[in-house]
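Those protein sequences? They're chains A and B, same order as listed. Going by the numbering used here, the first sequence runs without a break in its numbering and finishes at 391. Going by the numbering used here, the second sequence runs without a break in its numbering and finishes at 391.
Source of the hints: derived by calculation from the structure; they are not laboratory data. For every residue, glycine included, the Cβ atom is placed at its ideal position computed from N, Cα and C.
Residues of chain A clear of chain B, computed beta-carbon distances all greater than 12 Å:
1. Leu166
2. Leu195
3. Glu247
4. Ala310
5. Thr355
6. Glu377
Partner residues are not named here, just some residues of chain B that face chain A (Cβ under 7 Å, in silico):
7. Gly225
8. Pro259
9. Met260
10. Ala262
11. Asp264
12. Ser269
13. Trp297
14. Trp322
15. Pro325
16. Leu326
17. Glu328
18. Asp343
2 protein chains.
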Amino acid sequence: MSDTNGTMSGGAGNGDPALARFSINQMTVKQLGLPALVKGCTELGVPAVGLWREPVQTYGVAAAARLVRDAGLAVTSLCRGGFFTAVDPGERARALDDNRAAIEEAATLGTGTLVLVSGGLPPGSGDLAGARERIADALAELAPYAAERGVRLAIEPLHPMYASDRCVVSTLDQALELAGRFPAEQVGVVIDTYHLWWDDRLAQGIARAGAEGRIHSFQLADWVTPLPEGVLNGRGQIGDGCVDMRWFRQRVDAATATPLPIEVELFNEALWARDGLEVLRETALRFVQHTF
Amino acid sequence: MSDTNGTMSGGAGNGDPALARFSINQMTVKQLGLPALVKGCTELGVPAVGLWREPVQTYGVAAAARLVRDAGLAVTSLCRGGFFTAVDPGERARALDDNRAAIEEAATLGTGTLVLVSGGLPPGSGDLAGARERIADALAELAPYAAERGVRLAIEPLHPMYASDRCVVSTLDQALELAGRFPAEQVGVVIDTYHLWWDDRLAQGIARAGAEGRIHSFQLADWVTPLPEGVLNGRGQIGDGCVDMRWFRQRVDAATATPLPIEVELFNEALWARDGLEVLRETALRFVQHTF
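Construct the entire structure; sequences and hints are all you get.
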């Protein structure tokens, strides 16, 4: 779309229809405070944001909800709940309490989607299957609670390089297997390009997720190497890596009846070191250029 | 077995029957020159080594072959051929030439197995499927050439975190799909715990690989976090991470008619900084303790 729209010549602008799909995840420009983020979105014509619990809590959940609502911004997701894999009963109870709080926050913010990072292996354990079952147990407790508040849970499969310490759900197929135990309006999945791009079973997984009505969130980040130490904060700006964003968008669009909002969620030290509004503009432009 | 064998009290020793399965991959103790490695193996009762092309070439291929043969050591594999994914015809021809040389070296060294790291995405490409087809094309050229020299090609699926820059074959299923286009005595797979441990389709993949007679190499390394920058040299010593080595060994044993040798292949800066013979002893001990 950028090729045919004059407003794109100097950057993504209000006029580009592709921007109607764009949502900026707060973490991408975490150097911006919430008011600056909201102002930047309004000026650029970015219609939606994905929020994170910690900065929202710092600002105040009710105040944050008012700020984005008054600006007319949609909240496409809240990140994140999860970390369900502990064996210790006290730790499990605390995790469930924390997730109930996250569900309340999502409802207050007016988003229908809470993203879940399910948790890694407990210390000393190598039991992936057991950890996945504990995730299912937690979902069984939380999904009805969330549904009563108008919030859907979205299981995010994380790249297998995070399987031991962050998330034992490593593929879309695994996430769908877990989600499939619950009604689609209660539990679905996140399609995040960064985590899933390498998987040759992806096309059929996306089709299945769409057919089941379980694509509750769609996020973009590019894959660039070398990976940094700890492999957390090396997600590439859209277009800088090897992920075919257009392929993903077309597959998701083909699998869903209504076009979904698309979040760009980048954890990237180099982007965080730059001016936040400049990064926001660049990200909107890259989104339009590489996704449509 | 370590619990019932007196020779293990102070370290892995000649008497432990589990050691009969052990092969030390040269890269694990790359600080040792080949003569020191061979001497250490002889003294400890380690019956086999996995070799790498570069240090063998430095020593001289024929001389290396004589050294290990005279010491009575088996050579369980040569690492590595591969890097088949280039599009440029000249680059492809050079890769094939280099792999033919690797096959000759494997034959000279008396090993029946050449390990293949298949290659990542060419610069600017996001076409995983195309890259995998170019691997199949290369295998079609090389497999008969290798078979004539008594060498089997072993496709190593690498962890998905290497999919862009080292190997677009990321799962055992993918490796078996590629290998399955060729006779099992020509093309098989490597089962490496470091790359495969996270995959919930692994048990059936190992069973299938064994039933097809395609487990041409079995390698161990443990998974530890945080991963280092570049994610190459952070493989954990056996027992230091979350991989259940006994599970792997039992699955592979159940899938194969004859017990296979088991290589320990660690890329680990901390191990490389230590005395090589001490690391060799420790690795043999860990192998016996955690694999049997």
